[in-house]
Amino acid sequence: MVNKDLELFDCGHRACGGCGAALAARLVLKGAGTNTIVVSATGCMEVFSTPYPETAWKVPWIHSLFENASAVASGVVASLQKQGRTEKVIVMGGDGATFDIGMLCISGAFERGHDLTYICYDNEAYMNTGIQRSGATPYDASTTTSPAGSCSFGNKRPKKDMPQILAAHGAPYVATASIAYPMDLMQKVEKAINTPGPCYVQLHAPCCTGWGFEGEQTVAIAKLAIETGLWVNYEMIDGKVTKVKKVVRKPVEEYLKTQKRFRHLFKPKRQDAEIAAIQAIADKNAEKYGIDIKLKKE
Amino acid sequence: MALAVGCRARPGKARDNKTGSWRVFKPSFDHEKCTQCGTCKTICPEGCISEDTDGKFIPDYQYCKGCGLCAEECPGEAITMKQEEK
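Chains as they are written, first to last, in my numbering: chain A, 1053 to 1350; chain B, 252 to 337.
Keep in mind that the hints were calculated from the coordinates and are not lab data. Being a predicted model, the structure only gives us computed values, none of them experimental. Warning: the hint list may mix true and false statements.
Once the Cα atoms are required to be at most 30 Å apart in a straight line, the calculated DSSO-like pairs of lysine-lysine come out as [claimed, not checked]: (1) B:Lys307 x A:Lys1110; (2) B:Lys277 x A:Lys1309; (3) A:Lys1298 x B:Lys292; (4) B:Lys277 x A:Lys1110; (5) A:Lys1346 x A:Lys1212; (6) A:Lys1110 x A:Lys1243; (7) A:Lys1297 x B:Lys292; (8) A:Lys1295 x A:Lys1212; (9) A:Lys1110 x B:Lys269; (10) B:Lys307 x A:Lys1140; (11) A:Lys1312 x B:Lys277; (12) A:Lys1297 x A:Lys1348; (13) B:Lys307 x A:Lys1340; (14) B:Lys269 x A:Lys1056; (15) A:Lys1348 x A:Lys1295; (16) B:Lys292 x A:Lys1140; (17) B:Lys292 x A:Lys1110; (18) A:Lys1292 x A:Lys1346; (19) B:Lys292 x A:Lys1302; (20) B:Lys337 x A:Lys1056; (21) B:Lys333 x A:Lys1312; (22) A:Lys1309 x B:Lys333; (23) A:Lys1309 x B:Lys269; (24) A:Lys1340 x A:Lys1208; (25) B:Lys284 x A:Lys1056; (26) A:Lys1056 x B:Lys307; (27) A:Lys1297 x A:Lys1312; (28) A:Lys1110 x B:Lys264; (29) A:Lys1243 x B:Lys284; (30) B:Lys292 x A:Lys1056; (31) B:Lys333 x A:Lys1056; (32) A:Lys1140 x A:Lys1297; (33) A:Lys1321 x A:Lys1212; (34) A:Lys1295 x B:Lys292; (35) A:Lys1321 x A:Lys1208; (36) A:Lys1312 x B:Lys292; (37) A:Lys1302 x A:Lys1211; (38) A:Lys1297 x A:Lys1309.
From just these sequences and the hints, can you work out the full model?
This is the structure we're talking about:
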């Protein structure tokens, strides 16, 4: 059972005010409970939660390297199994550690079928080192390694479809969630850790510093991502989509306008072609997952 | 043999770091308007809001960074942000 009052991620961590990832960590542990071991990959969450000699985690927690979090977790799982212990193992990695750097070890762990849950808090760039693009950075977002300017509109490539990649490994449970819907997030984490085998949960966690908005807007922006169709909350069991969050869709502009990383699409000149290309991504998502609520015509 | 490599820290030791000193705007809770929905407690990235014995939601100002997320999301508009004088 999800215990909303359980606090296993303590005050005093050094995340920015209004941090989406800090909120994600709190909610994940509420869903996971006390019988949990967390393995963290390098990333913003690892850095702000554990500057030595402090730690915000109140569950056993280990960090080794950027790329090997799922390999470390595989070892922890094997050891616990040998000892007949029942702790659940969670890997927490950012999108950089998941989509790019840790890919090889994640693929290995999923292929070997260890009983672990991989949780990716997706803030769509390498935020800790100063906002460099990653495989999760959306189309046209400006980052320090994909800067928008006279020759470019920012990141040229669309976001990698990581949930599908891990579902293709035969993962029994793959889900996406957002900090804008805390109850849904906690339930998905709970379901993932109680499903035997390697499971994957990807969390949308807006980053006020990296995306360029005020900390108080974090939840509102996460909600807008879902309402515009640029982020889809769904659940996949044995590779088949079983549950999707449906919405009455808003134009993507409403989401793009709120963030400085998309500012170049509106200033100094409105870039209609680029906005239309992003709208096409949202339309494709809507069609693929069937998220549109059809309103009855009066 | 006990392994003694790496760094260790006591669980929750981050509490030594009083992040309340970062704050510029301070959330002020109006308990008359509060409907006890608990949204503020759920979405606080610090996890510093708790209920007192009367069921009132109170932030721990030692840790509140003043991000304003609670005030923004409160459906009853019971939380207002005020610039803090130090």
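- Honestly, which of those hints from before does the structure not fit? Going through the list in order, the structure violates hints 10, 13, 20, 23 and 29 and respects the others.
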